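Student: Sequence:
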Amino acid sequence: MNSCESWLTYEQVFDDYHINIGEQGELYLTCNMLREYKSHTWRRNSRSIGVTLCCAKDAILAYKCNPVFGAYPPTMLQVEQMAIVVAILCHELELEINNDTVMTHAEAASRDQYGPGQGDPDMRWDLYMLKGMPERTSCCSHMKRK
1 MNSCESWLTY EQVFDDYHIN IGEQGELYLT CNMLREYKSH TWRRNSRSIG
51 VTLCCAKDAI LAYKCNPVFG AYPPTMLQVE QMAIVVAILC HELELEINND
101 TVMTHAEAAS RDQYGPGQGD PDMRWDLYML KGMPERTSCC SHMKRK
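Counting along the sequence shown from 1, when you hit position 116 you're at 116 in the numbering used here, and nothing is skipped either side.
Please keep in mind that the hints were generated in silico from the structure rather than gathered at the bench.
Only a predicted model underlies this, so the values are computations on that prediction, with no experimental measurement involved.
Each residue gets a CB set at the ideal place from its N, CA and C atoms; glycine is no exception.
Careful, some of the hints might be misleading.
[To be verified] Simulated DEER-style distance windows between Cβ atoms:
id : residue 1 : residue 2 : range
1  : 15        : 87        : 22 to 28 Å
2  : 66        : 23        : 21 to 27 Å
3  : 63        : 37        : 34 to 40 Å
Starting from the given sequences, assemble the full structure and let the hints guide the process.
Tutor: Here you go:
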């Protein structure tokens, strides 16, 4: 099992991201400009925008990479709002939505060999799978379909 101690309750905002999304989909900006440097994802902080969901405090990745989100699971409103935010950002910045421009921590970590199942003690699996959604799916796959 691997826990992520830096995850949040619904009320906490994490300053390492440009945009935080609360339980009901409310947006919290932690920057004056999206060009500000934020240390949200290892080796991927320059020229990128960090968006996070305020949730998953004390979450663990259990047997067979099944997420257990505990008392603060991602809400459907948060996931939908993240899809909207990412779509607007990509539209305004003229970015194609694909596997190179939009990814979760788990997807970035898997590319850099510190993702689920790769044995790194600093593994990142944020939103690796979404449980309780219409179908069990990766967060990025869900957003890209929107």
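Student: Quick check: does the Cβ-Cβ distance between residue 66 and residue 23 fall within 21 to 27 Å?
Tutor: holds (23 Å)
Student: Do residue 63 and residue 37 keep their Cβ atoms within the hinted range of 34 to 40 Å?
Tutor: holds (37 Å)
Student: Verify the CB-CB distance for residue 15 and residue 87 against the hinted window 22 to 28 Å.
Tutor: holds (24 Å)
Comparing the model with each earlier hint shows no violations; every hint is respected.
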